[in-house]
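Chains A and B are the protein sequences, given in the same order.
According to the working numbering, the first sequence is numbered sequentially starting from 1.
According to the working numbering, the second sequence is numbered sequentially starting from 1.
One or more of the hints may lead you astray.
Mimicking EDC-like on lysine to aspartate or glutamate, the simulated pairs with C-alpha atoms at most 20 Å apart in a straight line are [unchecked claim]:
| # | chain 1 | residue 1 | chain 2 | residue 2 |
| --- | --- | --- | --- | --- |
| 1 | A | K11 | B | E3 |
| 2 | A | K11 | B | E169 |
| 3 | B | K150 | A | E8 |
| 4 | B | K150 | A | E107 |
| 5 | A | K11 | B | D145 |
| 6 | A | K5 | B | E143 |
| 7 | A | K5 | B | D30 |
| 8 | A | K11 | B | E29 |
| 9 | A | K58 | B | E80 |
| 10 | B | K154 | A | E15 |
| 11 | A | K85 | A | E57 |
| 12 | A | K50 | B | E172 |
| 13 | B | K154 | A | D87 |
| 14 | B | K154 | A | E19 |
| 15 | B | K150 | A | E121 |
| 16 | A | K11 | B | D155 |
| 17 | B | K150 | A | D75 |
| 18 | A | K5 | B | D48 |
| 19 | B | K154 | A | D9 |
| 20 | B | K173 | A | D99 |
Rather than coming from a laboratory, the hints here were simulated on the basis of the structure.
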Amino acid sequence: MDKVKSLEDLKRLREEALEKRRVKTASGEVQIVVGMGTVGIAAGARETLKAILDYIEKENLSGIVVRQTGNIGLDSFEPIVQVIKGDQPKVTYGRVHPDAARRIMKEHVVGGQIVKDYVIES
Amino acid sequence: MRELALHLLDIAHNSVSAGARNITITIIEDSQVDRLSMTVEDDGVGMDALTLQRVTDPFVTSRTTRSVGLGIPLLKAAAEACNGDLTIQSKPGVGTRIDVVFQRSHIDRMPLGNLAETILTLVVGCPEIHWVFRYQVDGETFEFDDAPIKEELKDIPLTEPAIIAYLRETLEKGVARVQQAGQS
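Excised from the complex, chain A in its bound form:
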């Protein structure tokens, strides 16, 4: 895909993305949620989210929705990341620093294997 430089380019990009989605709807959407309460931010959640976005960008992964949420209520495990793939149950990971985030992206989001080392509940 060419680089997006203007709003015009976005229009073209939208069409490309729609096309892609039509092809892979069956596999279901992936949702990634990062906890961004005060504790999460202090524990490095912004860098975790950055690592996730960088991975999506680098690997050119389409159809992933990244969201953030307030405090999840598991302070000592921050930064917290939840992965929801299609209609599979939600997996909650704790102490997800950038290296762990890249591993989760590679092994779980792309590879389909839950990264047990960081799971706090699933």
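We have chain A already, so just place chain B on it with the hints.
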């Protein structure tokens, strides 16, 4: 938290939690009057006078007011330590405005940190909110409004790889341009 941009991420989240639809962030650096100010304005639920009083008082804010937490008292203390202040104006049903001011050259002032990354995090992570970001250094301004981008994209998520790249580049370039102009 060691950068103002992280505090900004934190206080902007209070606006998100308050159910805001529109959030405007303004950062102004002025070397003439030696001030650095950050403002977050939202149209969320707002607060009554009693809650407002609690938010800025670290001894009254407790774990029971979990939605507010320690973020604001810590930022207020940091601002006051730099000849600045943190003030909040709020009206139930109308919204909240929070102003944080620092003496820009104060030795204890935290660095601004990665502003572009903070804005990118907010825009991508809370796509249902209309974000406006203004950054000014000594009269040079960068303004980012995500409405036209979302209008163009419609139902395509902002987390498509090419869009992340576009947003990051726009924000990083804008912030860098303003900061360079401020140095010259």
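Status of each hint after checking the structure:
1. Proximity of A:K11 to B:E3 is assessed by CA-CA distance (about 36 Å); at most 20 Å being required, the pair is judged violated.
2. The suggested pairing of A:K11 with B:E169 holds, with an alpha-carbon distance near 18 Å, which does not exceed 20 Å.
3. This hinted pair checks out: B:K150 and A:E8 have alpha carbons roughly 12 Å apart, not beyond 20 Å.
4. Of the pairs offered as hints, the one joining B:K150 and A:E107 is violated, with about 31 Å between alpha carbons and a cut-off of 20 Å exceeded.
5. Annotation: proposed proximity of A:K11 to B:D145 holds, straight-line Cα distance about 17 Å (limit 20 Å).
6. Our distance criterion of 20 Å between C-alpha atoms is met by A:K5 and B:E143, whose separation comes to about 17 Å.
7. Distance hint between A:K5 and B:D30 is unfulfilled; the C-alpha atoms sit about 31 Å from each other, more than 20 Å.
8. For the given pair, A:K11 sits about 35 Å from B:E29 by alpha-carbon distance, which is inconsistent with the 20 Å threshold.
9. Taking the CA atoms of A:K58 and B:E80, the gap is near 42 Å; set against the 20 Å cutoff, the hint is violated.
10. Simply put, B:K154 and A:E15 have alpha-carbon atoms about 11 Å apart, close enough for the 20 Å limit, and the pair holds.
11. Between the alpha carbons of A:K85 and A:E57 the distance comes to roughly 19 Å, so the proposed pair stays at or under 20 Å and holds.
12. At roughly 14 Å between alpha-carbon atoms, A:K50 and B:E172 fall within 20 Å of each other, so this suggested pair holds.
13. Distance check on the hinted pair: B:K154 and A:D87 sit about 24 Å apart at the alpha-carbon level, beyond 20 Å; violated.
14. Annotation: proposed proximity of B:K154 to A:E19 holds, straight-line Cα distance about 14 Å (limit 20 Å).
15. The suggested pairing of B:K150 with A:E121 is violated, with an alpha-carbon distance near 34 Å, which exceeds 20 Å.
16. A hinted pair counts as satisfied when its Cα atoms are at most 20 Å apart, and A:K11 with B:D155 qualifies at roughly 12 Å.
17. The straight-line distance between the Cα atoms of B:K150 and A:D75 is roughly 33 Å, outside the 20 Å bound, and the hint therefore fails.
18. A threshold of 20 Å between alpha carbons decides the hint, and for A:K5 with B:D48 the separation of about 44 Å lies outside it, so the pair is violated.
19. This hinted pair checks out: B:K154 and A:D9 have alpha carbons roughly 14 Å apart, not beyond 20 Å.
20. The suggested pairing of B:K173 with A:D99 is violated, with an alpha-carbon distance near 27 Å, which exceeds 20 Å.
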